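Asker: Here's the letter readout for the chains.
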Amino acid sequence: MRMRPGARVPVRLVIGLAVAIALDTGLQLVWKTGIASLPDTSSVWETVTAIALNPIFVLVVLFMGAQLVNWLKVLDHADLSYAKPFTSLSYVTVCVLSVLVLGERIAPLQIVGIVVVVAGVWCVSQTRRATLDAEAERE
Amino acid sequence: MSPTAFGVLLVVVSTMVEGFGQTFLKRSSLDIERRRRWILLGVAVLIVEVLLYSAALRFLAVSTAFPITSLSFVMVTLLSRWQLGEEVTPLRWAGVGLILVGTGLIVAQA
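As given, the protein sequences belong to chains A and B, one line each in that order. Numbering (numbering that gives the first Met the number 0) for the first sequence: 0 to 138. Numbering (numbering that gives the first Met the number 0) for the second sequence: 0 to 109.
Everything labelled a hint here was simulated from the structure, so no lab data went into it. Don't take every hint at face value.
Claimed, not checked - No more than 20 Å apart at the CA atoms, straight line, and that leaves these computed lysine to any residue pairs for SDA-like:
hint : chain 1 : residue 1 : chain 2 : residue 2
1    : A       : Lys31     : B       : Ala60
2    : A       : Lys31     : B       : Ile46
3    : A       : Lys72     : A       : Val10
4    : A       : Lys31     : A       : Met63
5    : A       : Lys72     : B       : Arg33
6    : A       : Lys31     : A       : Ser97
7    : A       : Lys31     : A       : Val57
8    : A       : Lys31     : A       : Glu103
9    : A       : Lys31     : B       : Leu50
10   : A       : Lys31     : B       : Thr63
11   : A       : Lys31     : B       : Ala107
These figures come from a predicted structure and were not determined experimentally.
Only chain B is shown next, with the shape it has when bound in the complex:
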């Protein structure tokens, strides 16, 4: 695997990790009894995300890595559906799709 491909893989994994971190934070409001535990878990996972992203920047330029992070909007939506059972309607998916394209366009030029 080339260093660039490895860097891209790290960024993609970091967006998945963000998805899990966010679902843990959301669980803190659904499972009040264990609220603190979910928050700590969520924050710990989000710190792992930052470390993965920082590691990726050793293999990739920020201008390449940053646009890929918009994938986190897709990951969060997928995991909200699978892990939390939220109702993601086609309109909500359409919104996420537009956001993925739009944020990509904004940061690709930055």
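Looking at chain A on its own, in the form it has when it is part of the complex:
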């Protein structure tokens, strides 16, 4: 059966989206720990210095670099309006990991939120991944 361009989802796109979610999750968790360790000050300069001196923010910058490289690869093979919604799954993974790793409590409404996000991503995943010519050529 001949499929319309952009209907098939290549494995590397699936991997790229999974990596994007994983990096985003790592970034948010590291960020969360990093922000908590900052001194409580209203001075912008003191905050900037504290950030520059904190090794955890080196990790943040590395994560961001990796995120950019991977994201550009993802955008080579999918619509922006197809790929971006998948990143919302990092809200789900951060929430779940905060419970499992950081021992935070989960509210009933958050569970509803997780289900709604997953349903939303499922809807997007049912649409054509690429609707622009340049992307279809790269199949």
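Chain A is already provided as a structure; the job is to place chain B on it using the hints.
Answerer: Below, chain B without anything else, positioned relative to chain A:
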């Protein structure tokens, strides 16, 4: 304008800026000849977004500001349609709507 309203405005603007930054990154794969230029522009715009969001946190609590950032999913979708000409079907919009509500629910409690 009250400080809170100003903070909310800054966050909303930052989500629009994110939308533009993302479309520039996407253009880097559509306009290969100027790939590097689009990437640099995209990254610069995303840095502006971070600065706007940080500025907003001087007027708002994170618990108020963070849920509003889910609007970026809507902004990105709108701009993908308007700026890039992507085909956003009703099903894709429905997905984005659910994501907006769902992420709002997750982070509003955090």
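Asker: Are there hints from earlier that the structure breaks, and if so, what are their numbers?
Answerer: No numbers; nothing is violated.
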